[in-house]
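**Q** For reference, the chains in residue letters:
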Amino acid sequence: MTQTQTTMAAATPTPKKRKRTSSREGQPQKAGWFARIVVFVLCFLWIVPIIGLFLTSFRPRDDANESGWWTLFWTPSAWRGMSFDNYVTAIDQGGLGQAFVNSLAITLPATFIPILVAAFAAYAFAFMEFPGRNFLFLAVVSLLVVPNYIAFVPILRIYGDLQIAGTFPAVWLAHIGFGMSLAIYILRNYMATLPRSVIESAKIDGASHFQTFFRLVLPMSLPALAAFAIFQFLWVWNDLLVALIFVGPGDNAPITVALRNNLMGQAGSGQHLITAGGFLSMVLPIVVFLLMQRFFVRGLTAGAVKG
Amino acid sequence: MLLKILNALITVGVGVGAAVILYWLLNKLAEVLPGQWEHRLKPYFYILPAYAALVFYLVYPAVQTIVFSFANAQSTAWVGLDNYTRLLESKGFQDTLFNTLLWMAVVPALTVVLGLAMAVLADRLNPTWENTSKTIIFLPMAISFVGAGTVWGLIYNYRPEGREQIGLQNAIVTALGFDPVAWLQVSDFHLNSFFLMIMLLWAQTGFSMVLLSAAVKGVPEDTLEAARIDGANERAIFFRVVVPQIWGTVITVYVTTLIGVMKIFDIVYVMTNGGFNTNVIGNEFFNQLFSNFNNGAAAAIVVLLMLATVPIMVYQVRNFRREESMA
Chain A
1 MTQTQTTMAA ATPTPKKRKR TSSREGQPQK AGWFARIVVF VLCFLWIVPI IGLFLTSFRP
61 RDDANESGWW TLFWTPSAWR GMSFDNYVTA IDQGGLGQAF VNSLAITLPA TFIPILVAAF
121 AAYAFAFMEF PGRNFLFLAV VSLLVVPNYI AFVPILRIYG DLQIAGTFPA VWLAHIGFGM
181 SLAIYILRNY MATLPRSVIE SAKIDGASHF QTFFRLVLPM SLPALAAFAI FQFLWVWNDL
241 LVALIFVGPG DNAPITVALR NNLMGQAGSG QHLITAGGFL SMVLPIVVFL LMQRFFVRGL
301 TAGAVKG
Chain B
308 MLLKILNALI TVGVGVGAAV ILYWLLNKLA EVLPGQWEHR LKPYFYILPA YAALVFYLVY
368 PAVQTIVFSF ANAQSTAWVG LDNYTRLLES KGFQDTLFNT LLWMAVVPAL TVVLGLAMAV
428 LADRLNPTWE NTSKTIIFLP MAISFVGAGT VWGLIYNYRP EGREQIGLQN AIVTALGFDP
488 VAWLQVSDFH LNSFFLMIML LWAQTGFSMV LLSAAVKGVP EDTLEAARID GANERAIFFR
548 VVVPQIWGTV ITVYVTTLIG VMKIFDIVYV MTNGGFNTNV IGNEFFNQLF SNFNNGAAAA
608 IVVLLMLATV PIMVYQVRNF RREESMA
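Chains as they are written, first to last, in my numbering: chain A, 1 to 307; chain B, 308 to 634.
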């Protein structure tokens, strides 16, 4: 048993990353001033809008709507008025607290339920021989490109007949359908890199496909599963269009829809509330993203950079 | 509130549990089949649920949408090609098409260039700064376009002359002595569309940078050494040695961004809702469906969009087959 585990660990594919740091010191032109300045300027341009949003979201209404956030840097007294009041208002009166929970109720099922379904299909494509396998997988590859717009009108009709339009399952089921081709694609590509010898030897030891899948392939594919889960989480949480079409505004609206309709779309809400709501809508994906960045990057590079 | 979260967690548990049971049943069903049939059918059983989802949510609706595109607004009677001719003849839709093409021409190319520049330049910094700068560029990827709308609303905000500007861009312009401008309403030279494109660039460059950075790091050091020994300068090395070796990734980033741009909706919907000649196909589709309640026109727009993606689809499939045959 220990024997198989060590072979497995040794055989688990790790993305090849050539570390070339050692050769760096010998080339002074590598980290020239030009590179530093350009990178610094780009980072500055990228982060300043977010800083502006963040600072504005704590400013009192009159400050936020009558002076720029940058004036904080030369009026120290203005910092004293900063508070969480805008967040409280956005959550209570703006309905964003409710919407935040709705977003969770849509995102969690949409993220976790398709993983197993896609993994089984990916397993079949990677490790089983059957007529039509190539054709069926190419169908998945081509469906990757199909815009999900094509589904909206007919699905909306079906949802109307079933009377489930406006409910949570209406949205997360749709997200599962739309995310399925990407999930199969990522997982199949990752599984194809797993060492065949391990799977072959499991078969010789008498393991069925079902056992091989659950005991061997699924645990070994964890990086790819995580990568897809993060993708799907960000995609569903940040989605506006699918939510607008299948839920719309109201009690079940996710945070993107509520932010747009309750705050941005209302002339009276003002920048102090819009920015607080905006930050509220991005705080969870940013945290997930920063914590899981490594998986995310690995998934991106494994899925797209081939050969 | 708590109940909703609890419900969500239960849904996840039940959903995943149901999937496990479903596959266990499918597997059992395959196993009770006589000998050969078990092996013949098991793969199909494994892919069946995933395919059911794909067929129900993409394949069937695609066919249905094509059918609807030849029917009237309520999908109750055939109108032939009317939806298409009416769209293509209307000035508004022509502008919408042009704007979408403009997005397609500008954004993917700039995304590649900016991402590549960032990948190559950050690669030269020490690891701490490399990681920090990349995280900053990558961060907007986690933010929704609605969220981006709240962020950039503070950049493009406009107040009439005489009032204090709270939008950064107008603050700079007025500080330099010019009049404030309502940026998102300036349709001359599609200036407002370009301001919206900047938002997408801001969100997408990180994606491009990450993929290209991995590709650049994967370029074998000895090819660079060889070029250096031959006396090539940095510029020549970059364009003649590095770029050809990462070309596949460049295309991948370009195509992925292109597909995203063709479907762009959120940014336009949130910032201008297509006003001031910033409309794009995605937003027009939404308005036809939910403001005009015109199923036929909405379906026709989607069919046009789908036709535009066919070349990309063909390319993807061919590309995939080539890579598979090399592997």
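Keep in mind that the hints were calculated from the coordinates and are not lab data.
Note that the Cβ used here is the ideal one computed from N, Cα and C, for glycine as well.
Hints are not guaranteed to be accurate.
[To be verified] Computed Cβ-Cβ distance ranges for the label pairs, DEER-style: (1) A:291 <-> B:541: 54 to 62 Å; (2) A:62 <-> B:385: 33 to 41 Å; (3) B:554 <-> A:162: 45 to 53 Å; (4) A:41 <-> B:438: 14 to 22 Å; (5) A:45 <-> B:470: 25 to 33 Å; (6) A:38 <-> B:374: 47 to 55 Å.
**Q** Would you mind marking each hint as holding or not holding in the structure?
**A** Structure-based check of each hint:
For the pair residue 291 of chain A and residue 541 of chain B, the supplied restraint of 54 to 62 Å is violated, since their beta-carbon distance comes to about 37 Å. Between residue 62 of chain A and residue 385 of chain B the beta carbons are some 59 Å apart, a value that contradicts the proposed interval 33 to 41 Å. Between residue 554 of chain B and residue 162 of chain A the CB atoms are about 48 Å apart, so this pair conforms to the stated range of 45 to 53 Å. For the hinted restraint 14 to 22 Å between residue 41 of chain A and residue 438 of chain B, the CB-CB distance of approximately 18 Å keeps it satisfied.
Checked against the given bound of 25 to 33 Å, the beta carbons of residue 45 of chain A and residue 470 of chain B, roughly 26 Å apart, stay inside it. Checked against the hint of 47 to 55 Å, the pair residue 38 of chain A and residue 374 of chain B passes, with Cβ atoms roughly 52 Å apart.
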